[in-house]
Amino acid sequence: MIARTMSSMQQDHGERGGSCQNPAAPLYDSTEDLCCITNTFQYLQNSGWYWGSISASEARDALLKMSAGTFLVRDSSHPLYMLTLSVKTAFGPTNVRIEYIGGRFRLDSSSPGPPHLLSFPDVCSLVQHYVEDPPQPKAKPRPPQPAVKGNAVLLKLLRPLPQAFPSLQHLTRLTINHHTVCPDQLPLPCPLVRYLQDYPFQV
1 MIARTMSSMQ QDHGERGGSC QNPAAPLYDS TEDLCCITNT FQYLQNSGWY
51 WGSISASEAR DALLKMSAGT FLVRDSSHPL YMLTLSVKTA FGPTNVRIEY
101 IGGRFRLDSS SPGPPHLLSF PDVCSLVQHY VEDPPQPKAK PRPPQPAVKG
151 NAVLLKLLRP LPQAFPSLQH LTRLTINHHT VCPDQLPLPC PLVRYLQDYP
201 FQV
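Numbering-wise (the UniProt record's numbering), the sequence shown opens with residue 1 and increments by one.
Certain hints may be false.
What the hints assert, rightly or not - Simulated DEER-style distance windows between Cβ atoms: (1) SER167 - PRO187: 30 to 40 Å; (2) MET82 - HIS129: 10 to 20 Å; (3) PHE91 - SER30: 23 to 33 Å; (4) ASN46 - CYS182: 18 to 28 Å; (5) PRO187 - GLU58: 42 to 52 Å; (6) LEU192 - GLY52: 43 to 53 Å; (7) MET66 - SER119: 19 to 29 Å; (8) GLN163 - GLN197: 33 to 43 Å; (9) GLY102 - PRO187: 36 to 46 Å.
I should point out that these hints are in silico values taken from the structure, not numbers from a laboratory.
Remember, predicted model here, so these are calculated numbers, not experimental data.
We put the beta carbon where it would ideally sit given N, CA and C, even for glycine.
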């Protein structure tokens, strides 16, 4: 995963660029956008690794002593972005902005041309896509190897950094999600099925 990153010593904010509205720009359904963004933040609140409105320096402090590949999601202080992925790399903590365009989320690309990064309907799906599978038993773990080119870095997400220790219910939900994508087919009471469906991710 190659994404545009920001220095860990800098805040993830920038100057507001003056631009004229493009009259030919497509119009988006505000109701669809609201639904998409609401679902994303509900998932993030359930994830445990969404840290809210902490600053870039606070994210850096939280990740500084963690192993490479540890990450969290927080609010972006840049006026044009909602969220930022903060991750510990072999070079230290860094930040990647998360773009929202037309009902889809993707990482801020370092490509000068059209972005080639995949987009997702919510941020948890995005993060889950980029999280590596854990090493197999007796296999030598492969640490993240950043490949630097300008301000681009190769990121490998390994484990989230929760704000607090996850509840036993949430840990059980993650375990079940690792083994099935159809919780409604499990022999469980309806409230438990709804609890599983409230967070259908593995990370």
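Does the Cβ distance between ASN46 and CYS182 fall inside 18 to 28 Å? holds, 19 Å
GLN197 and GLN163 - C-beta distance against the hinted 33 to 43 Å: violated, 23 Å
Could you tell me whether the CB distance from PHE91 to SER30 stays inside 23 to 33 Å? Given range 23 to 33 Å: violated, Cβ gap about 40 Å.
Quick one: are SER167 and PRO187 within 30 to 40 Å, going by C-beta? Distance hint for SER167, PRO187 is violated at roughly 23 Å.
Does the Cβ pair MET66, SER119 satisfy 19 to 29 Å? Once the Cβ atoms are compared, 28 Å apart, the range 19 to 29 Å for SER119 and MET66 holds.
Given the range 10 to 20 Å, decide if the beta-carbon distance of MET82 to HIS129 lies inside it. holds, 18 Å
Taking 36 to 46 Å as the hint, is the beta-carbon distance of GLY102 and PRO187 inside that range? At roughly 40 Å between Cβ atoms, PRO187 and GLY102 fall inside 36 to 46 Å, so the hint holds.
With 43 to 53 Å as the target window, see if LEU192 and GLY52 comply at their CB atoms. Given about 28 Å between the Cβ atoms, the range is violated.
With 42 to 52 Å as the target window, see if PRO187 and GLU58 comply at their CB atoms. holds, 44 Å
The structure shown violates the earlier hints numbered 1, 3, 6 and 8.
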